[in-house]
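Engineer: Residues per chain, in single letters:
Protein chains: 2
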Amino acid sequence: MKAKLGLLKEEDMSLATDLYQLTMMACYIKDKKNNTATFDMFVRKLPETRNYLVAAGLEQVVAFLQNTRFNEDDIMYLRSQGFFDEEFLDYLKDWKFSGDVYAVPEGTVVFNNEPLLRITAPRAEAQLVESYILSMINYQTAVASKASRIVEAAEGKPIIDFALRRCHGPGAAHLEARAAYIGGCAGTSNVAAGKEFGIPVKGTMAHALVMSYNDETESFKAFTDTFKNTKLPLVLLIDTYDTLEGAKNAVKIAKELEKEGKKLAGVRLDSGDLTELSKKVRQIFDDAGLNYVNVFASNDLNEYKIQQMLKDGAQINAFGVGTEMGVSKDAPALSGVYKLAEDIDEKGNLIPKIKLSEGKITYPGKKQIYRITENGKFSKDILALESEVIEGEPLLIKIMDKGKMTYELPSLEQIRNRTLEQVGKLPSEYKSLQNTNYNVEISNGLQKLTNKLIEDYKRGKK
Amino acid sequence: MKAKLGLLKEEDMSLATDLYQLTMMACYIKDKKNNTATFDMFVRKLPETRNYLVAAGLEQVVAFLQNTRFNEDDIMYLRSQGFFDEEFLDYLKDWKFSGDVYAVPEGTVVFNNEPLLRITAPRAEAQLVESYILSMINYQTAVASKASRIVEAAEGKPIIDFALRRCHGPGAAHLEARAAYIGGCAGTSNVAAGKEFGIPVKGTMAHALVMSYNDETESFKAFTDTFKNTKLPLVLLIDTYDTLEGAKNAVKIAKELEKEGKKLAGVRLDSGDLTELSKKVRQIFDDAGLNYVNVFASNDLNEYKIQQMLKDGAQINAFGVGTEMGVSKDAPALSGVYKLAEDIDEKGNLIPKIKLSEGKITYPGKKQIYRITENGKFSKDILALESEVIEGEPLLIKIMDKGKMTYELPSLEQIRNRTLEQVGKLPSEYKSLQNTNYNVEISNGLQKLTNKLIEDYKRGKK
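Protein chains in written order, with the working numbering: chain V, 1 to 462; chain S, 1 to 462.
Just so you know, these hints were derived from the structure itself, not from any lab. Here the structure is a predicted model, which means the values were calculated and not measured. Check the hints yourself; a few may be wrong.
A pair holds if it fits inside one copy or across any two, identical chains being indistinguishable in the list.
Stated by the list, open to error - Result set (DSS-like, lysine-lysine): computed pairs, CA atoms no more than 27 Å apart in a straight line: (1) K402 / K93; (2) K398 / K377; (3) K96 / K347; (4) K9 / K404.
Go ahead and model the full structure; you've got the sequences and the hints to work with.
Structural biologist: The structure is reproduced here in structure tokens:
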């Protein structure tokens, strides 16, 4: 048997959906019910440890909507299941997304119940794309949001993404590096992501290098000899055997480099009491007149640990963060959903729709988010019907019209800047690590419509 | 700007590594230190809520090792960073994995400190592949292990993987469906994964379908009309408005289907008190003489909820499980590591290696896991040096020799069967949801060697 790589390929994107999307589509096509419907993608409730989300993943959704098709191979596979008739398979052969998309730009701060994305499209098209979109936006938004908390906790000290090895496969890691950068990280260790997205790539050395030489100093020397004439910042990992001994060995290396007019950029600590060790290591370098040598720290870090370390006076200049950010460990799944908000009847009338399942009620109709800013800070959002006149900045922007782009995609750098600007406008209580709920008001118009639909349903049942 | 899909492509696999792997490699190549080294991939400590792991991901690692290369584009990107000299970039142009691989077969139950994989290769090769391998095995093993707990809790009732939308992107979902099937799931909703890996694809309908028709009965009728002459098992989602009303509407549909000699396969509950609702729904169907109609349940399920529901007498025939399994929610990152275990010196002597960083000590040397079975049940494992003679079944098998396959990859079905067989041999306490530690003994030979290396290091320091 030939070993399978297990990487999802572009030509298989169309099938990266739940089977029920295809069966529902077949039902709509057969019933000539492929008229226009509007779906919202939103997060009902923020995780307890998130006061805000940073929207991310839109660019990949756009690429998916532009490019997904069913090829012969897909059709053959579907036929082989024995679920679908030829009329439906023919429909799939010509499948192309032709809908309208509204979304909040990536890097926008968003809250519970606010649509990150709204799709108005022939029902069967809107249905197919649900699963892929949710998976893409749920994950990138989860990581960008977690990264933003970590970046804020570090008070301006750079955070480097080290998550690849703990991400949910190399495909997840690819997206993770992008989302972490959107959240405000300064770079990634993931070279493939660096290449694809233009993220600065960063790295030091691992214990394996130190252990591959006869002693620590020999390994440090070998490493700095290899890179001292290149652009790589020279960073030595000093905790393989004994951190303080390692620091002293690094001092020797730094002094030798100085003789050649070169500089040791820093050292990395990866175990033990990072706060205490960082102070002692700082002292060792300062005593040697090497105050330019930076101290980096890593080892299962998160926003709480970083905040505490800085409070305790840790002498750390930058942090490497992996696992906790890469899997958004305290909230590893964002529960974004994609729900029917508006339908159209036989006569062409728009019909707002509501879901009433226990604990899962949705807001009906085409909606817009309006953000109110006071004295340069966000004070509240109003979730309203698009048809209402509300003051404030509308956050949902038209991205695609009948399947064609109407929006200039920003660069990753611009997205990252938007995050930093948006988070900068959040009042400090939402940036703290305490749980605080931002005020998302429901407009009068939206609340009235919601109440009316609930009443209508109750009356209908009697 | 052209929108990027963000899917990791086969041609970029070689760069799906941490930058420090490449810098360390450059150091080894420059220093002519590219001699043979042995690395173990293992999990130091199982998550608190895991009594055992189910190894998964080896096939994808094999495919990666067989196929990863550096193309011109990769080399150009690396050159543009200004970190590497041409000698190293030339080395990469010819890069090909030429090492030996030992691994436990997928579907094997494993425990803390046991190598899931061991690589003996030129140091620079073994180093490059670390990050990709860790990400692949950490994730698939995390999901297979979580899935196995859920499958066990369901006491033989099928578990269907519904996780796509909450996975860490569609690439993660692709691997997730495979790993969940290895863990014992009966199928997946993910069509792309079904196609690629041959996993049975399953699905029902969503609330959007019900809401797209004038009323629930009309939607049920439309759906069953579409599929009653196909192989799709007919399952109706009955909780969109009111579950018990929904059940009654489903009874009407089932009766109409009976007139045509067709059968309603089941109904799905997706909200509310699933245990109580399932009993009432079961009663409604039984009262109507429809005891063949199955009740499916979904809604943020996990092994604890399923165990409790069955204990409380829930009348549920199968479960759909998404988020909790797809992100292994209670333990979303498996902390698998990849550590130097043995080196070779200039004279060709094998040198066992140990890492001594605080709380991160490793076991040195080339190792084997021996499993002891008593009365058909696993009683303990012994982690030993490969050179020791130990009774018990050796779990590490040779997979590749000098880069060539020496192992016949099993089918996914065979892997899944192995999991079920292996878990069947676990004493019941390890399959319970209480935390219980399996006995992984360290052999005398391995313990002596470990102690000796620690002593040697301490002496060296004095």
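Engineer: Does each hint hold? Answer for all of them.
Structural biologist: For each hint, the structure was consulted:
1. K402 / K93: Close inside one copy (19 Å), not across copies (45 Å); limit 27 Å.
2. K398 / K377: within (25 Å within a copy, 62 Å between copies)
3. K96 / K347: within (25 Å within a copy, 64 Å between copies)
4. K9 / K404: both (23 Å within a copy, 26 Å between copies)
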